[in-house]
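Using the sequences and the hints, build the whole thing.
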Amino acid sequence: MRQWVMFVLELTGVNSFYGKAHILRDLGFSIQAGEVVSLLGRNGAGKTTTVKSIMQLVSPASGEVTFDGQSLTHLPTHRVAKLGIGYVPEERRIFTDLTISENLEVGRQPPRDGVFEWTQDIVFELFPNLAERRNNRGKALSGGEQQMLSIARTLMGNPRLLLLDEPSEGIAPVIVEQMAQTILKLKSEGLPVLLSEQNLHFAKIVSDRAIIIEGGLKKYDGAFAELESQPEIRDAYLSV
Amino acid sequence: MNGEVATDISNAVLAVQGLSKSFGGIHAVTDVHFQIAKGELLAMIGPNGAGKTTCFNMLMGQLSPTNGSVFLMGENITGMKPRKVWRKGVGRTFQITGTYQSMTVIENIQMALISHHRKLYSIRPYATRLYREEAMSLLELVGMAEQAERACAILAYGDLKRLELAIALCHQPQLLLMDEPTAGMAPRERIALMQLTADIVQEKNLSVLFTEHDMDVVFAHAHRVMVLNRGQLIANGSVEQIRHDATVREVYLGGGSVFADETVGDVRA
Amino acid sequence: MGLFIAQLLTGLANAATLFLVASGLSLIFGVTRIVNFAHGSFYMLGAFAGYSLMQVLPGAIGFWASVLLSGLIVGVIGVIVEILVLRPVYKAPELFQLVATFGVILVIQDLALMIWGAEDLLGPRAPGLKGVVRIMGEPVPKYDLALIAITPFVLFGLWYLITRTRVGVLVRAATQDREMVAALGVNQSWLFTGVFFLGAALAGLGGAIQLPKGGADLLMDFNILAAIFVVVVIGGMGSLPGAYIAAVLISVLNVFGVSYLPQSTLVLMFVVMAVVLTIRPYGLLGREEVVGEHGQVGEPERPIKPAGTKARLLVGALLIALLALPAVGSHFLVILATDIIIFCLFAASLHFLLGLGGLVSFGHAAYFGGGAYVAGLLVTHAHAPMELAFLLAPVGAGLAAVIVGWLCLRLTGVYFAMLTLALAQLLWSLVFQWDEFTGGDDGLVDIWPASWLSESNSYFYFTVIVGVGGIILLRHIAHSPFGYALRASRDSQRQAEATGINTKRVQWMAFTLAGALAGVSGALFVFSKGSVFPNELEIAKSFDALIVVFLGGVKTLSGGVVGAASLELVKDYLTRFEYWRLTLGLLIIVVVILAPHGIVGSLRKLYDKVFGSNDDPDSTGLNTPGTTQSRDMPGGVSGGGVS
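Residue numbers (my numbering), protein chains in the order written: chain F, 120 to 359; chain B, 302 to 570; chain U, 67 to 709.
The reader is advised that the hints may include incorrect statements.
[Stated by the list, open to error] Quick look at which bits of chain B chain F covers, simulated, 3 or more residues with Cβ under 8 Å:
id: 1; region: 339-353
id: 2; region: 381-388
id: 3; region: 416-430
id: 4; region: 483-494
Keep in mind the hints are simulated off the structure, nothing from the lab.
Beta carbons: idealized from backbone N, C-alpha and C, even for Gly.
Next up, the structure:
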């Protein structure tokens, strides 16, 4: 039923700075169609900056980000979003003064060729808790519900790729499990996801591949399952 | 649970009795009882919106309870302003760090010391020359001595958390309230910060109440765990009891797939 | 009864203009967070444009077409201002943009003078609506009835646009988080431009539509400014129905005020505002400001250090140069230096409040003028000796600050700023209208220093000692525990309160201190000029101080003084030319765009760039930028309610 077109996100030699601080160093990786990839690494490793560099919220100083063959580098952020990259930020950033319905309306984009078209009704099917409270303001929601709303809002833009920045942060374990189910469902329907995450248990459930970065450098890129057999990498960069 | 609260409040560092708060008819916290003993690390967990932060804000005085009382070392501190509660010997760290961004690391500590020594309204001395040694030893305690002269605004996130811990220790508190102390940190930093806290607790014989969503942290460090759901205390017991509590699993822990469940083996061990 | 109704209708008709202009201001502020000082100028342009159009477009259709076209033209001018002046400075620290809008005021003033001349223009009557209707025997102009009928439609249209359309949803979302709106695929820069167009167009409409009742003149911009700020604040920031109710309330009360209490007209509006805000701190229909909407944004200021030997030597050299001035410079130069020192102390006192305390006062002239008037009144009425008057001036100004501070500090952010402005205006209108006591418009004259200071050079030395002494005192306090407590209260009120600091008391004391030192500068001023007039208490005077503090650099210790000295020097030179406002306005805009951190701040950045900075954040030691800062806003604790 839901079908996403083939595409690929590709980063090559990306260098990003915050002021004088060199955050990403020659970072390169790609995401294939239908894949869920986890971006792992400790705090300050550059995970959020990677996601922001894709969205052009941080403008890479050098290197190239392409999506479906088109360069994103130096595009304004709203153009990147319009191309079909859905961004769910750290801290959720929902519009607390707007109702849930209105939050979804902000995220709505016109349908895109060959991409599944989300409506409020379909979104509410996926997140039934939100449906009951559609006329409540965002500020009345709990942290878990805000995270759901943030994802739902992004889906309303009919994305061809989803960027999730630390979605499990500060969320009750039982809700994180629900979120894992949601991501698996989206994945089964072919929506590729880049997931920046600190919670390894959660990342392992949903993703096929892991990318580990440390100090802005890529240290590992491979199947999640193989990470289990490489304790030296796990201990060095993740150390659970 | 509620029944086991001792009537003798003077022995406990903190004793909370029948604490309730409602916001315009909505009950955020209902009839919560608990105590903290000296040297105890007590965790408060529960779903988002269960009332943990509301509870914290009532203990520290940011909110005044609709009902119930809070006793600190036997003294009723219910409804006192945060700055009064602080002077009574309660330190607090925030989920979202609240350091002074325009000051250096050591000045952040000096500021709290100036307040502790009641020199806030003095206009004669240079603030940076006051209580430097005291501030330095606190920074050493949390392992931030080398960063003393750096601007707070350029600190790494984990260091901000440690700085905040040092600030909270400035007035030698009896009790430390920590709201999601490891939020936003990587697994390794989480363990390091909580280990540091546990060491300080032992060294200074402090008591700590903390909220947390990372069960790896809670199960590794808490001496006792309380569970709050929809504003009510639904469980209060040892780590083992909480892990296996059916209700807690249903409303909060879930299937245990997103933290290190003991059935999978504790990876840290 | 008939008269009562007629007056009520006049009030309602007057409310139309006030509402149109105020709703535009509210809209612009609500979405862009820019306090648009130039809004009065848009209104004035609307009146002038309407006047010219009505000269060429005949008949009733021509009249109404002119009104609409004026709105359109002013809207386009608003767009030009937004794109050329404001877009480059959106990322500057909050409120810095108001300096740019102040530059726009000056430019528009001179452009209007060039195009339409200095004469007041009498507005044409509206064709077809020239007569009056008798209601219960009282004549009511037909045009008033038309205005009363039109306004609710405008209100409804705007309300519908904001609450019921997609554009409105986007606008409200952008109000809260523009970056997130962009990340969801919305081109928010055009959303902002659109809002600026609409806001400016409403002001332009307001200007054109009031032509038959008023006219067009060059003082319209400042004359309406206080009133529309008051309306927006009484109604509640961002609330259109609130703005309507407030506009009606103010206009109707004003009409009755003119009839029954003519001495009170200017004061009335501010009394209403003070009363409303005392009962409802966020206005009639306003809601409490959302967490993160106030406080400082942008990068935090750097840690401060007591002046090093080099800096002390430099200041010493400057002092010697100043003291030597009478010996080497002309009499004119000495007068100029006196003026500059006085203004520097005034600016430094505001900077103390604004830079260290994060407390943006829009009405600081109240304490400068207040100090001057206290001294002047003591000399005039009590024949007090200069020494006594001079000592009591800061006491009086400080007392005023104690009261104003107590009232205002219950509010935060823009509400705080607006209430300080309103209370300053209250003081101004008191002085202006209480002829017998204050001399009203004629001011107080013949207030000269004691004989031992009567020679202009000795008064200059006196000014140097008191003025520079005051500045050094403020600077020292910045480094003292109290100064640190003030900065702590600004950086994180939550943390400060949780570590025993009574932040409101600290801020209140700082407000009082700043008021008292502004009073000192006022006293220096009155004895140097020998007279004082109500304009020393005016909004324009408050804005002058505000502008120099921002221009100098809010987040630097010397920003206020450097800004004040620079502006005073430039002004002294430029005012010799006919169109000096245009030049000064353009200059301010250019400085704002080129130096978004203020003169001192930007010079320091340049210095760091050229010579390298000593505190270089390395890549690992950086918290995710934005997180700690944007999260740590005042009110972060109470903002959530149920956790």
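ask   = So which of those numbered hints doesn't the model satisfy?
value = Violated hints (numbers, rising): 2, 3; every other hint is consistent with the structure.
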